[in-house]
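Chemist: Now for the letters of each chain:
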Amino acid sequence: MTAPGAPGSAGAWWGTEDVCVRFGDTLALNDVWFRAEPGRVSAVVGGDGAGRTTLLRCLAGALAPTSGRVRRPIPLETGYLSAGSGVYPDLSVTENLAFRATAYRVPAQQARERGAELLARAGLDRVGDRLAGQLSGGMRQKLGVIAAMLHHPDLLVLDEPTTGVDPVSRADLWWLIARAAAGGAAVVLATSYLDEAERAHDVLVLDAGTVLATGTADQIVAAMPGTLTVASARPAGEAGRGAWRREGRWRVWNPTAADTAGAIAPDLQDAVTVAILARELALVPAAGASR
Amino acid sequence: MTELPVQAVAVTRAFGHFVAVDQVDLQVRPGEVVGLLGANGAGKTTLIRLLLGLLRPSGGEIRLFGEPPSRRTRARIGYVPQGLGLYDDLTVGENLAFSAAAFGEGPGAAALPGPLLRYGDTVVGALPLGVQRTAAFAEALAHRPDLLVLDEPTSGVDPLARARLWETVAGAAAAGAGVLVTTHYMDEAGECDRLVVMAAGRVVARGTAREIAGDARISVVQAESWAAAFGALEAAGLPVALVGRTLRVPGAPPDAVRRALGDLPAAVASAPATLEERFFELTLSSAQTEARRDRRP
Numbered sequence: 001m002t003a004p005g006a007p008g009s010a011g012a013w014w015g016t017e018d019v020c021v022r023f024g025d026t027l028a029l030n031d032v033w034f035r036a037e038p039g040r041v042s043a044v045v046g047g048d049g050a051g052r053t054t055l056l057r058c059l060a061g062a063l064a065p066t067s068g069r070v071r072r073p074i075p076l077e078t079g080y081l082s083a084g085s086g087v088y089p090d091l092s093v094t095e096n097l098a099f100r101a102t103a104y105r106v107p108a109q110q111a112r113e114r115g116a117e118l119l120a121r122a123g124l125d126r127v128g129d130r131l132a133g134q135l136s137g138g139m140r141q142k143l144g145v146i147a148a149m150l151h152h153p154d155l156l157v158l159d160e161p162t163t164g165v166d167p168v169s170r171a172d173l174w175w176l177i178a179r180a181a182a183g184g185a186a187v188v189l190a191t192s193y194l195d196e197a198e199r200a201h202d203v204l205v206l207d208a209g210t211v212l213a214t215g216t217a218d219q220i221v222a223a224m225p226g227t228l229t230v231a232s233a234r235p236a237g238e239a240g241r242g243a244w245r246r247e248g249r250w251r252v253w254n255p256t257a258a259d260t261a262g263a264i265a266p267d268l269q270d271a272v273t274v275a276i277l278a279r280e281l282a283l284v285p286a287a288g289a290s291r
Numbered sequence: 292m293t294e295l296p297v298q299a300v301a302v303t304r305a306f307g308h309f310v311a312v313d314q315v316d317l318q319v320r321p322g323e324v325v326g327l328l329g330a331n332g333a334g335k336t337t338l339i340r341l342l343l344g345l346l347r348p349s350g351g352e353i354r355l356f357g358e359p360p361s362r363r364t365r366a367r368i369g370y371v372p373q374g375l376g377l378y379d380d381l382t383v384g385e386n387l388a389f390s391a392a393a394f395g396e397g398p399g400a401a402a403l404p405g406p407l408l409r410y411g412d413t414v415v416g417a418l419p420l421g422v423q424r425t426a427a428f429a430e431a432l433a434h435r436p437d438l439l440v441l442d443e444p445t446s447g448v449d450p451l452a453r454a455r456l457w458e459t460v461a462g463a464a465a466a467g468a469g470v471l472v473t474t475h476y477m478d479e480a481g482e483c484d485r486l487v488v489m490a491a492g493r494v495v496a497r498g499t500a501r502e503i504a505g506d507a508r509i510s511v512v513q514a515e516s517w518a519a520a521f522g523a524l525e526a527a528g529l530p531v532a533l534v535g536r537t538l539r540v541p542g543a544p545p546d547a548v549r550r551a552l553g554d555l556p557a558a559v560a561s562a563p564a565t566l567e568e569r570f571f572e573l574t575l576s577s578a579q580t581e582a583r584r585d586r587r588p
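Chains A and B, in that order, are what the protein sequence lines are.
All residue numbers for the first sequence refer to this note's numbering, where the first residue is 1 and numbers rise by one.
All residue numbers for the second sequence refer to this note's numbering, where the first residue is 292 and numbers rise by one.
These are computed hints drawn from the structure, not numbers from a lab.
None of these values were measured; they are calculated from a predicted model.
Heads up, a few of these hints could be off.
Residues from chain B that keep clear of chain A, each with C-beta distances beyond 12 Å, as calculated [as the list claims (entries may be wrong)]:
{"hint": "1", "residue": "R320"}
{"hint": "2", "residue": "F356"}
{"hint": "3", "residue": "G395"}
{"hint": "4", "residue": "D478"}
{"hint": "5", "residue": "E479"}
{"hint": "6", "residue": "A562"}
Some chain A residues judged to face chain B by a derived CB distance under 7 Å, without partners named [said to hold, decoys possible]:
{"hint": "7", "residue": "G86"}
{"hint": "8", "residue": "D90"}
{"hint": "9", "residue": "L91"}
{"hint": "10", "residue": "G164"}
{"hint": "11", "residue": "P167"}
{"hint": "12", "residue": "D172"}
{"hint": "13", "residue": "R199"}
{"hint": "14", "residue": "R249"}
Yeah, the Cβ is synthetic: ideal placement off N, Cα and C, and Gly gets one too.
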């Protein structure tokens with residue numbers, strides 16, 4: 001284990017180097033470079049079909065890439081929550097944790113103590129005897145994260161731990177995530193919520209298997225091409241193609257403008273939307289465009 | 292015309308001893324987008340089922356367009372449930388045609404909007420989630436409803452797709468429909484004209500996002516080592532949230548946070564609470580009230 005909260009202290013990192021994954025004719029990941037460091041939370045964001053799950057499965061060792069290299073710890077030092085919650089519905093909450101502890105060779109007494117503490121903090125202490133299959137969605141996700149981090153893994157990989165989870169359970173989940181990172185784990189989580197990406201230390205934006213942006217939230221925002229203005233309606237004509245609705249008004253992206261008259265400072269949500277939009281506009285040229 | 296899409300007064304619904312919806316007042320006016328926020332179990336889905344006429348209230352009164360919920364009012368409602376409500380083994384075109392027939396519309400109402408044209412002959416189960424959502428919206432809007440009810444409409448879609456769904460919602464509102472939308476996603480509160488916050492079956496706050504966040508404040512910690520500060524605050528039993536390298540501590544004034552940090556090098560300041568943080572406060576205090584009520588003889 002490395003000293004928590006001291007970036008780069010060990011120089012250790014986990015991640016992928018030039019990874020491609022092909023399923024038949026589909027290129028699910030295309031030359032993906034990604035780095036997760038101890039004591040830091042990395043968010044992998046993107047929509048449906050972006051390649052988030054494929055990347056996380058590679059990191060967790062559940063899928064071998066078609067080409068490229070994956071740097072990951074040995075399986076006993078990896079914790080993985082697959083999409084849709086990796087808990088056994090026919091086992092109780094405490095049985096789920098006991099099973100995990102055995103599989104990851106955590107001494108029983110130590111596992112019971114740590115399990116009880118994490119369950120209590122996540123508001124699950126009164127449902128220890130309940131079958132996991134009878135928990136609400138948010139409770140099941142919390143159990144899944146606790147099970148994945150029970151053995152203090154060096155790398156904790158969480159596939160959409162918060163999707164569809166209500167804000168109160170989401171706060172508990174983020175507490176667990178922060179706790180794991182504070183303990184020195186490199187945490188990688190997939191999410192479709194950009195406010196969560198803003199909370200992470202590092203962000204990777206995927207779209208259709210390709211890396212659209214990577215870095216800290218500030219770096220991704222700083223690298224956004226062009227400028228943004230705000231309008232009360234979608235502009236007519238060509239400019240309207242680069243506009244989207246946000247909080248009751250319109251963001252208008254000008255890809256080439258360097259002038260800053262009336263331009264606003266973008267945030268991560270703006271920068272990620274621009275990255276997706278830029279890719280879409282490049283794929284679908286305007287009628288009469290010269291390409 | 293003064294008929295309101297939704298006018299609910301002191302609506303209550305109990306299941307046995309459990310009161311899922313408790314004395315709720317709710318109004319949705321034409322052209323207005325009302326956001327319904329609440330944790331799981333707050334009563335949002337039960338309230339929606341009451342409005343759709345799928346459940347009858349145990350008390351209070353619901354009027355839709357001036358009359359009690361019925362098949363006739365249902366015909367004026369477009370509804371997108373959490374699970375989208377499409378038939379997985381029918382194509383997009385067949386789903387829309389079926390829905391148009393159920394609403395007594397001609398085949399014209401089943402015409403596919405532009406973004407769905409290339410998917411018309413594909414079975415819904417084989418489509419990406421984002422396209423399924425677009426199809427569910429198209430189906431709900433095809434009969435030009437006067438009230439649109441959306442239950443967590445944007446879960447799991449990328450930000451651009453989310454912006455486009457909101458554009459559709461805003462378009463329906465601009466055309467005069469009232470919209471009631473539930474969301475777990477506080478960023479989307481900004482798309483709503485008004486918010487109603489529910490906790491434990493009751494309405495605990497209403498107003499704009501800014502009004503609800505109000506002047507609540509929290510403590511913010513910038514520490515040399517966030518991990519060490521996190522450990523210290525946790526040991527002191529304070530609720531602490533990690534945001535980048537910053538820690539946010541709701542419900543504790545800066546001096547209490549400073550004490551809990553001991554001699555760790557850190558700057559502690561006070562900052563305005565976000566809507567989400569205010570929401571926790573409302574939800575938690577309501578849970579405590581609830582617990583006190585339970586202990587009463």
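Chemist: Take a quick look at G395(B) and tell me if its Cβ sits farther than 12 Å from every Cβ on chain A, holds or violated.
Modeler: 32 Å, holds
Chemist: Close enough to count: is the Cβ of G164(A) nearer than 7 Å to one in chain B?
Modeler: With a minimum Cβ separation of about 5 Å from chain B (threshold 7 Å), the hint on G164(A) holds.
Chemist: Is the nearest CB of chain A more than 12 Å from the CB of F356(B)?
Modeler: Since the minimum Cβ distance to chain A is about 26 Å, F356(B) lies beyond 12 Å and the statement holds.
Chemist: Does D90(A) meet its interface restraint, that is, does its C-beta lie within less than 7 Å of any C-beta in chain B?
Modeler: Nearest chain B Cβ about 23 Å off; hint violated.
Chemist: Take a quick look at E479(B) and tell me if its Cβ sits farther than 12 Å from every Cβ on chain A, holds or violated.
Modeler: Non-interface label fails for E479(B): nearest chain A Cβ at 9 Å, not farther than 12 Å.
Chemist: Examine each Cβ of chain A, and state whether all of them lie more than 12 Å from the Cβ of A562(B).
Modeler: Since the minimum Cβ distance to chain A is about 15 Å, A562(B) lies beyond 12 Å and the statement holds.
Chemist: May I ask you to test the interface hint for R249(A) with respect to chain B, counting a Cβ-Cβ separation under 7 Å as satisfied?
Modeler: 9 Å, violated
Chemist: Say whether it holds or is violated: R320(B) keeps its Cβ farther than 12 Å from all Cβ of chain A.
Modeler: 16 Å, holds
Chemist: Hold the hint about G86(A) up to the distance rule: shortest CB distance to chain B must be less than 7 Å.
Modeler: Status violated, d = 18 Å.
Chemist: Do the numbers back the hint for R199(A), that is, is its least Cβ distance to chain B under 7 Å?
Modeler: Nearest chain B Cβ about 5 Å off; hint holds.
Chemist: Does D172(A) pass the interface hint, meaning its C-beta sits closer than 7 Å to a C-beta of chain B?
Modeler: 10 Å, violated
Chemist: Tell me if the interface restraint on L91(A) is satisfied: Cβ within less than 7 Å of some Cβ in chain B.
Modeler: 22 Å, violated
Checked against the numbered hints given earlier, the structure breaks hints 4, 5, 7, 8, 9, 12 and 14 and satisfies all the rest.
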